[in-house]
Each structure stands twice: as structure tokens, then as C-alpha cells.
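Construct the entire structure; sequences and hints are all you get.
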Amino acid sequence: MHSIYSFVTGPLAWLAFIVFIGGSAFRFYSLYSLARKKDALVFEYMNLKFALRSIGHWLTPFGTRNMNLNPAMTVVTFAFHICLFLVPLFVFAHVIMWKESFNISWFTLPGVLADLMTLVVIFSCGFFLYRRIMLPEVRYLTTAVDYLILFIVAAPFITGFWVYHQWAGFPTMTILHILSGEIMLVAIPFTKLFHMFLFPFTRGYMGSEFGSVRMAKDW
Amino acid sequence: MTESKAVKDTAIDDQGIIKGIEQLSPEKIERVINQVLKSETGARLKTYVDTCVHCGLCSDGCHYFLAHDRDPKYSPAAKVKQTLWEIIRKKGKVTPEFIENAAVVAYTQCNLCKRCAMYCPFGLDIAYVMSVMRRICHKLGVVPLYIQDTAHSHSVTKNQMWIKDDEWVDTLMWQEEEAQDEVENLRIPLDKEGADVFYSVIGPEPKFRAQLIYQAAVIMNAAGENWTMPSMPGWDNSDMCMYTGDYEMMERLKKAHFEAAANLKVKKIVMGECGHAFRSVYDMGNRALGWKMPPLEVIHAIEYYNDLFVKEKIKIKKKFDRPVTLHDPCNIVRGRGLHEMSRNIVNATCKNFIEMTPNREHNYCCVAGGGVINCGPPFKNARVDSGKIKAEQLFAAKAKGAEVVIAPCHNCHGGLEDIIHHYGIDMELKFFGDIIYEILELPE
Ligand code: SF4
Ligand code: SF4
Numbered sequence: 001m002h003s004i005y006s007f008v009t010g011p012l013a014w015l016a017f018i019v020f021i022g023g024s025a026f027r028f029y030s031l032y033s034l035a036r037k038k039d040a041l042v043f044e045y046m047n048l049k050f051a052l053r054s055i056g057h058w059l060t061p062f063g064t065r066n067m068n069l070n071p072a073m074t075v076v077t078f079a080f081h082i083c084l085f086l087v088p089l090f091v092f093a094h095v096i097m098w099k100e101s102f103n104i105s106w107f108t109l110p111g112v113l114a115d116l117m118t119l120v121v122i123f124s125c126g127f128f129l130y131r132r133i134m135l136p137e138v139r140y141l142t143t144a145v146d147y148l149i150l151f152i153v154a155a156p157f158i159t160g161f162w163v164y165h166q167w168a169g170f171p172t173m174t175i176l177h178i179l180s181g182e183i184m185l186v187a188i189p190f191t192k193l194f195h196m197f198l199f200p201f202t203r204g205y206m207g208s209e210f211g212s213v214r215m216a217k218d219w
Numbered sequence: 001m002t003e004s005k006a007v008k009d010t011a012i013d014d015q016g017i018i019k020g021i022e023q024l025s026p027e028k029i030e031r032v033i034n035q036v037l038k039s040e041t042g043a044r045l046k047t048y049v050d051t052c053v054h055c056g057l058c059s060d061g062c063h064y065f066l067a068h069d070r071d072p073k074y075s076p077a078a079k080v081k082q083t084l085w086e087i088i089r090k091k092g093k094v095t096p097e098f099i100e101n102a103a104v105v106a107y108t109q110c111n112l113c114k115r116c117a118m119y120c121p122f123g124l125d126i127a128y129v130m131s132v133m134r135r136i137c138h139k140l141g142v143v144p145l146y147i148q149d150t151a152h153s154h155s156v157t158k159n160q161m162w163i164k165d166d167e168w169v170d171t172l173m174w175q176e177e178e179a180q181d182e183v184e185n186l187r188i189p190l191d192k193e194g195a196d197v198f199y200s201v202i203g204p205e206p207k208f209r210a211q212l213i214y215q216a217a218v219i220m221n222a223a224g225e226n227w228t229m230p231s232m233p234g235w236d237n238s239d240m241c242m243y244t245g246d247y248e249m250m251e252r253l254k255k256a257h258f259e260a261a262a263n264l265k266v267k268k269i270v271m272g273e274c275g276h277a278f279r280s281v282y283d284m285g286n287r288a289l290g291w292k293m294p295p296l297e298v299i300h301a302i303e304y305y306n307d308l309f310v311k312e313k314i315k316i317k318k319k320f321d322r323p324v325t326l327h328d329p330c331n332i333v334r335g336r337g338l339h340e341m342s343r344n345i346v347n348a349t350c351k352n353f354i355e356m357t358p359n360r361e362h363n364y365c366c367v368a369g370g371g372v373i374n375c376g377p378p379f380k381n382a383r384v385d386s387g388k389i390k391a392e393q394l395f396a397a398k399a400k401g402a403e404v405v406i407a408p409c410h411n412c413h414g415g416l417e418d419i420i421h422h423y424g425i426d427m428e429l430k431f432f433g434d435i436i437y438e439i440l441e442l443p444e
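Chains as they are written, first to last, in full-length UniProt numbering: chain A, 1 to 219; chain B, 1 to 444.
Keep in mind that the hints were calculated from the coordinates and are not lab data.
These numbers were taken from a predicted model, which means no experiment stands behind them.
Don't take every hint at face value.
[Claimed, not checked] With a Cα cut of at most 16 Å, we get these calculated EDC-like pairs of lysine to aspartate or glutamate: (1) B/Lys38 / A/Glu44; (2) A/Lys38 / B/Glu40; (3) B/Lys292 / A/Asp39; (4) B/Lys192 / B/Glu259; (5) B/Lys46 / A/Glu100; (6) A/Lys192 / B/Asp50; (7) B/Lys292 / B/Glu251.
[Said to hold, decoys possible] Covered stretches of chain A, going by a simulated chain B footprint (3 or more residues, C-beta under 8 Å): (8) 40 to 47; (9) 209 to 217.
Just so it is clear, CB atoms sit at the ideal spot from N, CA and C, and this is done for glycine as well.
Laid out in C-alpha cells, this is it:
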């Protein structure tokens, strides 16, 4: 058990981070060079002011008409994304590991709060699953990969919750937790999870078009 | 898998599509698709297709989806699924039947109105994806017959309606003569070099709505405008080639239009009340020709009329007294932000204004735009059915008292006329030009 543990926290963790960073950099680079070659107009029309104006509206809860039309989805989406980012970065057990390995540390979330936020992520994944199955317009678009991605995102949080509470099978769960986290990292550049990095560009471009050419709002 | 109705629940009765499909082979499809994808698309299309997280949030953006009681196959992302999504996944290896459905989706189930871009959190441009699909269909020769006919007319005559050069000039002179009964010495100055305003219209105006040219002439005359209209091709600012996917022709048309104005050394182009034509000169045609913005100042009639009121160049006898509501056309509102100017004109000309909701950028489309109405009778019933949500919006405005709908766009007129008739809404449709002409105080 111990050797598996050191493998997943050692070489595998390195590999996961390298693939995540390298893969993301590669995707950015290939999209950028393709855009330079084929979509020169994107660079022509990109406009920082209007890009930020649009992004700002879309990052503000209930800042757009559509968010108001779908209040439940709005609340869940915002809560989900916020917790999804904050928990892994600021949960005490993770910060400790950074401290032990690299002697760097930062602010940590109180245990109860981190626990609640983990539940928010798990609940949100359940909500997304429910939407995928129950709403015809979402089900029509859904592929097997979409379910898989949802599972990949939920897994580290479910296992993490388990580990934190030290329930039965805790050592195995720890390894599963680390593994699932690594799988998620690796999946980001190669799946639709990459949307987190592309959002500012797609939204920013539409915001630029609407702001500087179409002279209209896009929210 | 889904409870949406089978796609081919109504057999397609369009000879352009049927004949086009008959001539396809899997090899040809694959070759053409890959040629378009490789040479004409790039990171934008890839990002739009790859980034879509299949969340369905764009659905509420599309009037087709809303009008069809939330039938999932009409959501914007579903249209990508039925077209480019599969095409990219299969690397172009799709069947003629697939192309048949894709053509129907791209040409008749999307108005390219870009409303959904304001509902998708990522701002994914479904209208652009549908344009790419149309481009592929154009290259495959699978285009609805009626709109292809207008594209043919464009390429033969440089206007949309097979109008011959002498018929065009005759029409202008006929309208001038008619107007002279009302305003003595009124002129429609042809080819006047150095005029301040070059007035261009769409092909259907001289063909079906010549009185609009008459009215514009009376308004220009009342404003004391130094204006002109061209006697030669280039007078038609419309562009169905933009919608069939024939971008080479779109470029030729826009070039002819800009050059007609440039040759006369005019200060600016003023376009009649048309939306798609404005899109073609302000958004798509200029870009295709390599101009970031139009090479000459081009303004829509709304901007022109607004200016007349702001600068008090025309006077009115009295305000139009029947209650009006205003339809915001996608191509000049989401396309050029003219919604507040439109309201300025309404307030300057009408006594009683009732907003329809949603309005401005969020207004529902007339379902005619994007060339959909130009696909003609084979698709008329489907189009009018898709106008259900628009009909409800109009009924609501009517319930608040509106009797007249102002729609400053030709396409919208066509679409709204059909909707008003089919659903028995009983409202009257008008252009701004109609209203201004009606209440205009003619100078002594
Ligand atoms: S562009 Fe308009 S018609 Fe086309 S899918 Fe989007 S909302 Fe619907
Ligand atoms: S809202 Fe955007 S991301 Fe979601 S399904 Fe529609 S196009 Fe895709």
C-alpha cells in the first residue's frame, strides 16, 4: 500500500502536472497558430475593453438575461465553479502537502467550510446529471463522454469527502482520491473541460464583435 | 434516444435540394467538405465545436426552439449536432441523406440571427457554424431552389429580381413622375457626381414596393438633400448569395455596390429599410473583400431619418395617432445597435408607443431572416409555424393596445406579414418611411 501511495503522490503526480500544463500549452499554441493562419480577423476585431465588458457580465451572477431565465442553473453553476476551484487549492490537507514537498504554504479553508464546499460540488454534479437526463434539450446533446466527464469531475470530491471523514477503506480511498485528481488534471487539456481556459477567448471575441462592430449588448 | 420527432417527418419538397442530392456521391461529399474545412475554416470553427459543453443553455435563445414547444432538435446546439458536429467527427464521411437534412437545418431552421450568442455562456456563434454548413451545401450544389434562383439573378444582373437595366431606370422615372403630381419639380437625380447621399435599395423595391422609392424621394426632397441614385448595376444593395454560401458572388456584388458609390464620388451611402442588405455591406461583404469596416460611410435609413429629426431638417404636420409597437430587426439591432435611434424616431413621429417584450437586442426574430423566407413556398408552412412565439409576442403588444407594427426591414415585413395573416393577429405593418411620409409637412 505504501509503495502505491508514494508512486501516486510522486512520479504519477509529476506526470499529471506535466501533462496538464504541457497539454494545455500545446492546445493553446496550436489554436493560436491556426487562428493566425486562418482566422486573422479574430485578432483584428478583438477589443480588450469590450471583451472585458462581456466577460464581466457573464461572470456576474444574474448579470445576463439567460441567467435570470434559469435561476436554479445560475445559482448551481456559480456555486459549483467557485467551490471547484477553491477547495483543491485551499483545503488544509493539500496545502500541507505543498508545505512538506516544497516548503511553500498559503491560506487554508476552515475544515467545516471546505467540507460544505465539497458537498456543494458533489450536489452540483448531481444537479448537472439530473439536467442531462431530465431536460430534453440537454439530453439531445448529451454523449457518453459528457457523463464520463461529469464523473471525472465528481470523483475527486466524493473520494476526498470520504477521506476527510476517514470512513471505512480510508487508505484505499486516499489512493483513489489522488488518482482521480490526477485523472481530472490530465483530462482538462484533452476534453471539454478545456472550456475553462477557452471561455475568456470565446466570450471575449463575441463581446468584442458586439461591442465595437455591432454596438449592442451580448448579455 | 430522444423524443423529438423524426427529422424527416415531412418529406422535403424542394427541387433544388432533391436534384442536388441526386448528384452526390460519398466521395464528392468527403472531398468538398474537407476542402471547405481545410481551406476556409480554422481555429474559430474548431473552438466553437470543441468548446460547446452540451449544456443546452442556448435553447432559450432560439425562437425556433420556443415556437416548437421546446423540441430539442431546434435548439441552437442541436443544429450544430445535426450538421458540423457530425461532419467533423466523421471527417466528412457522411451520406447524401445526412447532407439533405443538414441543408434543411442550415437554410431553413436558422435565421442566422445571432440571438443565441447572447444566451450561450461562451458566446459560441452558432450562426457562423450554420453559415459554414451553407457554404458546404453551396459547393455541393444542394441549395433550396427559390433562393438559388435569386442568387442566379444576382450573378446575371447584379440584382436580386432579374430586373433589366432599362427597367430599373424606367421604374425610377415612373416614380419620379408620380411624385411630381404631389411635389412639383421633384427629382430623383440619377448619377449625380459628388452628391452627399447615394441612396441604394434592395431589388424587390422596384419590383414590388416601388412606392417606397417614391416616399424616400419625397422625404429627401423635403429635407433639401443633395442626393442621387445610380442608373447602373450596383444600385441593388441586397445579397442572397451571402445566404446561399456563394461568397465569391457576395464579393462581386458588394464590390459593384461600393464602386457605384465611389465612382460618383458621393459622401456616403444611405440604405433603404432593409436588414440583410445592411449585414452584407457592414458585416459580411466588406470583410470578405478585406475591409475591416466598410470602405465608404454606409448608414441605414434609421440613422438617416434620425439625423433628419435631430437636425430638424424635416417637419411633421402632426404625430401619427394610431398606437404603434416596434419590431427590432436582428441585422440592424444585434448587427448595428440601432435600437435606441429607432425609438427616437418613434417618439418623434408617433403619439402612442407600446413596447413589445422582449425587445431591443432580445427581440424575437420574424423567422424570415437569414434567407429563410427566400427559400420560398416549399418551406413557407414550416416557417410560419416557427413564428408561433413571435405571434404570441405580437398578440401581447396588441392586447396593450398596439394597432400598427413598425418593422424597419424588408425581410421582417415579409415574415411578419405571413405571421400576422396566419395567426389572425390583425395588425398593420409599416416602415418608418411610410409613417414619416404620411405625416410629413411638405415644404412650400
Ligand atoms: S442564430 Fe438565431 S435562428 Fe439560428 S440558432 Fe441562433 S437563435 Fe436560432
Ligand atoms: S449554450 Fe453554448 S455551450 Fe451550451 S450547448 Fe449551447 S452552444 Fe453549447
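| query | Against which earlier hints does the structure fall short, listed by number upward? | reply | 1, 5
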